[in-house]
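S.K.: The lines below spell out each chain.
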Amino acid sequence: MVQDTGKTLRADAYRPVNVPEPVEVEEASSSSLPLAVGAPRRQAVKAIEDRWRIDDEWWRKEPVLRLYYEVVLESGQRLVLYKDLINGCWYRQSY
Amino acid sequence: MRVLCILLPDFPLKCEIIRNPGVESSRVVIIHGTGSKKLVLDHSPELEGLRKDMTLQQALACQDRAEIVQADLPYYRSAFNRILDGLEGISPLVEGADLGTAYLGADGLHLIYPDDESLIAAVREVVPEALTPRMGIAGGKFPAYLAALNSPPDGHRIISGKTGDFMKGFPCDVLPVSMKTKVKLQGFGIRTLGQLAACPVGPLQSQFGPEGRKIQQLARGFDDTPLYPRKAEEIIEENTTLSSVTISIDTVLVAIEQLISRVFVRISQQGMGIHSLALWTRSYDSEHWERAIRFKEPATDIKRVMSRIRMVLENYPQPGPVEQAGIRVNRLGYPRGRQNSLFKEVRGRDHLIEDIRQLELRQGNPQVFKLREVEPWSRIPERRYALMPTGR
Chain V
552 MVQDTGKTLR ADAYRPVNVP EPVEVEEASS SSLPLAVGAP RRQAVKAIED RWRIDDEWWR
612 KEPVLRLYYE VVLESGQRLV LYKDLINGCW YRQSY
Chain S
255 MRVLCILLPD FPLKCEIIRN PGVESSRVVI IHGTGSKKLV LDHSPELEGL RKDMTLQQAL
315 ACQDRAEIVQ ADLPYYRSAF NRILDGLEGI SPLVEGADLG TAYLGADGLH LIYPDDESLI
375 AAVREVVPEA LTPRMGIAGG KFPAYLAALN SPPDGHRIIS GKTGDFMKGF PCDVLPVSMK
435 TKVKLQGFGI RTLGQLAACP VGPLQSQFGP EGRKIQQLAR GFDDTPLYPR KAEEIIEENT
495 TLSSVTISID TVLVAIEQLI SRVFVRISQQ GMGIHSLALW TRSYDSEHWE RAIRFKEPAT
555 DIKRVMSRIR MVLENYPQPG PVEQAGIRVN RLGYPRGRQN SLFKEVRGRD HLIEDIRQLE
615 LRQGNPQVFK LREVEPWSRI PERRYALMPT GR
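Taken in sequence, the protein lines are chains V and S. So in the numbering used here, the last spot in the first sequence is 646, and the numbers never skip. So in the numbering used here, the last spot in the second sequence is 646, and the numbers never skip.
To be clear, the hints were calculated from the coordinates, so they are not data collected in a lab. Hints should not be assumed to be uniformly reliable.
Residues from chain V that face chain S, not an exhaustive set, calculated with beta carbons under 10 Å [unchecked claim]: (1) P567; (2) K597; (3) A598; (4) E608.
Bear in mind that the values here come from a model prediction, so they are computed numbers and not experimental data. Don't be surprised by glycine CBs; every beta carbon is placed ideally from N, CA and C.
Taking the hints into account, I'd like the entire structure generated from these sequences.
M.R.: Take a look at the structure:
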């Protein structure tokens with residue numbers, strides 16, 4: 552039997568899965584399309600395979616407005632990125 | 255029996271004003287109820303024609319420009335409980351009869367509070383001034399209630415001597431009896447407590463049964479109803495605000511499972527289980543939903559509790575998209591005895607969970623998680639799955 556160490560248990564440690572990670576993206580000044588991704592080193596975007604938009608929870612104070620891109624980098628790696636249309640930041644996230 | 259009655263007029267409204275001072279300048283109607291039946295709980299004083307327990311439809315017919323506020327009963331109850339806690343520092347006999355009405359047994363306090371005035375001064379120190387308490391002292395609960403009702407705002411009234419003389423002018427509507435009895439009294443032309451007190455007990459008993467004798471006694475100022483002090487019991491309250499408003503029962507269940515886990519962390523060391531709990535939610539438009547759940551045997555297993563909660567959530571639909579969920583465990587108990595499962599797989603799982611629990615006790619944080627579907631259909635990827643601690 553292990554003795555109680557008296558440490559506080561964080562039973563509320565509920566962890567969402569697939570949380571978006573902020574990422575540095577160079578975007579085209581005219582079209583806002585991603586040109587290069589800086590994670591972990593800078594790589595140019597070779598192709599944009601797909602693009603879709605999510606408009607959700609528009610009735611809340613913080614609505615969800617995202618523009619997703621599925622891109623292929625010059626190394627051949629595939630990535631799903633999105634631009635948060637509320638704060639203008641870029642994130643990577645598996646979809 | 256000397257009783258001090260404390261009336262906190264418009265208690266729900268004042269709680270809302272304390273929480274949000276902007277409410278004071280608005281014309282609000284606080285409503286409560288379940289399903290489609292909404293009743294007025296309280297309202298701003300300038301809204302004329304409204305009264306407690308009238309339906310929302312009737313209220314809107316009188317005051318169509320009033321702002322509707324959904325009652326936050328857990329908040330009012332917790333505010334009222336804090337006041338009762340303070341009153342228990344003055345007298346051990348404190349009854350919280352209704353939200354905003356409290357009775358305090360004043361017998362035997364003369365060594366600490368030599369007169370009624372000093373007792374009232376002590377109560378005023380406990381009750382926040384913003385609640386403008388009205389107080390009354392008399393020889394029973396009912397006369398004390400009438401004394402408080404008759405006192406000036408933020409003042410008090412002490413009834414000594416002939417209580418019947420003080421009460422005779424009150425209408426029969428103040429009697430704590432059913433509406434049917436009040437209508438019947440009116441039908442007999444008995445409109446005041448004085449008229450009722452003058453009636454002989456025989457005819458009253460023949461018309462109203464045992465209640466006839468009771469109402470005559472009350473009208474004469476005799477009330478021997480004892481005070482029912484609060485039970486000293488441990489209440490565990492937990493609540494959480496969901497990361498997003500949801501209509502999915504599964505999402506609500508995940509949130510409630512976390513709350514139940516927290517309760518089990520607190521009670522499982524003592525080998526206790528949950529005997530009864532109240533489950534509540536608050537919807538996006540602030541509507542309150544609440545259900546009581548009781549267990550025949552104290553539940554020591556989170557799975558058993560969650561299966562009952564799921565059943566309740568499925569059978570009693572939510573009034574709207576849920577934003578907040580909470581539980582109030584109001585009765586704990588010790589299980590009579592628990593036999594290990596006959597099946598090897600189940601015993602193995604129990605052992606594994608016990609090992610994980612021991613590991614967490616040593617490390618202090620959840621160490622092993624299980625993947626749970628939350629909203630697998632969601633368009634927002636991070637809402638689809640979540641990791642939940644396993645050792646619960």
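S.K.: May I ask which of the numbered hints given earlier this structure violates, with the numbers listed in increasing order?
M.R.: 2, 3
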